[in-house]
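Let's have the full structure, built from the sequences with the hints guiding it.
Residue numbers (the numbering used here): 53 to 354.
Read the hints as simulated data drawn from the structure, not as lab findings. As the structure is a prediction and not an experimental result, all values here were calculated from the model. Note that the Cβ used here is the ideal one computed from N, Cα and C, for glycine as well. It is possible that part of the hints are untrue.
Derived pair list, reagent style DSS-like, types lysine-lysine, alpha-carbon separation capped at 30 Å [claimed, not checked]: (1) K139 <-> K300; (2) K108 <-> K153; (3) K108 <-> K94; (4) K217 <-> K94; (5) K143 <-> K343; (6) K343 <-> K139; (7) K225 <-> K153; (8) K153 <-> K143; (9) K153 <-> K217; (10) K344 <-> K143; (11) K153 <-> K139; (12) K94 <-> K153; (13) K225 <-> K117; (14) K192 <-> K94; (15) K335 <-> K323.
Taking CB as the label site, the calculated pair distances span [stated by the list, open to error]: (16) P99 <-> L316: 15 to 23 Å; (17) E291 <-> S224: 38 to 46 Å; (18) I302 <-> P338: 53 to 61 Å; (19) E279 <-> N113: 34 to 42 Å; (20) K143 <-> T175: 18 to 26 Å; (21) L227 <-> K92: 42 to 50 Å; (22) N173 <-> E112: 37 to 45 Å; (23) R245 <-> I98: 27 to 35 Å; (24) P338 <-> P99: 50 to 58 Å; (25) M125 <-> L316: 18 to 26 Å; (26) K323 <-> G242: 15 to 23 Å.
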Amino acid sequence: MNLFRKIFFLFLLIISVLAFAGWALSVTDKYKNWFTEKYKIKTPFIPNYVEFAGEKIPLENDEIKERLDRELMSTVFWQSNTMILLKRSTKFFPIIEQILKENNIPADFKYLCVAESGLANVTSPSQAKGFWQLMEGTCKPYNIEINDYVDERYNLEIATQTACKILKESYSKLLNWTLAAASYNRGINGILRDLSYQGVSSFYDLHLNDETARYIFRIVAYKLIFENPEMYGYFINPEDYYCLPPRKLIYLDTSVSNLSLYALQNGTNYKTLKLLNPWLRDKSLPNKKNKKYQIELPYEFK
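See below:
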């Protein structure tokens, strides 16, 4: 009796194992079919004709096309970061575009700002700061205030105006917007030395350090994706884009010993004051020279 029971249970165990193996193989086959039929990674589309700042990119040159392809793939397939940048663009592009237009800088340079900072007030390892990644030394000729209490590199309007001045100066010497954009990374003198030594006149003929060599193509990759996000697989509902809150501007030409108290007295709080005015770097604002600062505060509709 015991022997029969053991044989019976062994038989059931074998049947169960075979049944599970069959089910597992079935699931594996279904997964393989789904993976091969449904999951596909496609090469990002590169148009036959692409411009940056009104200047043609020579995509008929295979080496140039490959460099753009590299940056386009890196950007398209970093989905989380690119999605955030797309959603941020509606928050900050209107401000940037208006200032670029006022300064006769091509609108494509807003993508340089994306490449520099991801549309955020970040600090690089070399201590470049803000949306336009301005170095303190670079700002000196432009009277940008930088101290323990105020850093105007974090003021988007002032920083964009400063970037425009730098780009216009570069263009006046290089006579080409693509080279001017490259000089924002390499420096005007660096680009001039490279052009002179190598005896060429086009960015696309220059042998450059890896960072600058990739720089223009990163900017153009952002341009292609931002101008046609759905072409590259990014679908965003209009209500999902970010936007700035309604704001009002007031002028301040006196010292403020306590910015938290100042915020409360003006119908907001310290957090909101700092979010709208990231150039305020401390808890107070000394102003012995009675400089007129422009402060942004939330606007309450009534």
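Evaluation of the provided hints:
With a C-alpha separation of about 23 Å, the suggested pairing of K139 with K300 holds against the 30 Å cut-off. Under the criterion of a C-alpha separation no larger than 30 Å, the hint pairing K108 with K153 is consistent with the structure, at around 21 Å. Taking the CA atoms of K108 and K94, the gap is about 26 Å. The hint holds against a cut of 30 Å. Distance hint between K217 and K94 is unfulfilled; the C-alpha atoms sit about 41 Å from each other, more than 30 Å.
The suggested pairing of K143 with K343 holds, with an alpha-carbon distance near 28 Å, which does not exceed 30 Å. Between the alpha carbons of K343 and K139 the distance comes to roughly 35 Å, so the proposed pair goes past 30 Å and is violated. This hinted pair checks out: K225 and K153 have alpha carbons roughly 20 Å apart, not beyond 30 Å. Between K153 and K143, the direct Cα distance comes to roughly 17 Å. Compliance with the 30 Å bound is thereby established for this hinted pair.
Among the hinted pairs, K153 with K217 is consistent with the structure: their alpha-carbon atoms are about 13 Å apart, no more than 30 Å. Of the supplied pair hints, the one linking K344 and K143 holds, its CA atoms being roughly 26 Å apart against a limit of 30 Å. Our distance criterion of 30 Å between C-alpha atoms is met by K153 and K139, whose separation comes to about 22 Å. At most 30 Å may separate the alpha-carbon atoms for a hinted pair to count; K94 and K153 exceed this at roughly 36 Å.
A C-alpha spacing of about 28 Å is found between K225 and K117, which places the hinted pair at or below 30 Å, so the restraint holds. About 47 Å separates the Cα atoms of K192 and K94, which puts this hinted pair outside 30 Å; it is violated. A distance of roughly 11 Å separates the Cα atoms of K335 and K323; the hinted pair therefore holds under the 30 Å criterion. At about 53 Å, the beta-carbon gap between P99 and L316 misses the expected band of 15 to 23 Å.
With their beta carbons about 43 Å apart, E291 and S224 fall inside the hinted range of 38 to 46 Å. Judged by the Cβ atoms, the range 53 to 61 Å given for I302 and P338 is violated: they are separated by roughly 18 Å. One distance hint, 34 to 42 Å for the beta-carbon pair E279 and N113, is violated here, with the actual separation near 22 Å. One distance hint, 18 to 26 Å for the beta-carbon pair K143 and T175, holds here, with the actual separation near 20 Å.
For L227 and K92, the hinted distance range of 42 to 50 Å is satisfied, since their beta carbons lie about 45 Å from each other. Checked against the hint of 37 to 45 Å, the C-beta distance between N173 and E112 comes to roughly 40 Å, which is consistent with it. Between R245 and I98 the CB atoms are about 31 Å apart, so this pair conforms to the stated range of 27 to 35 Å. Look at P338 against P99: about 53 Å separates their beta carbons, and that is inside 50 to 58 Å.
One distance hint, 18 to 26 Å for the beta-carbon pair M125 and L316, is violated here, with the actual separation near 50 Å. The hinted range of 15 to 23 Å is not satisfied by K323 and G242, whose Cβ atoms lie roughly 41 Å apart.
Figure legend: structure checked against the earlier numbered hints; hints not met, in rising order: 4, 6, 12, 14, 16, 18, 19, 25 and 26.
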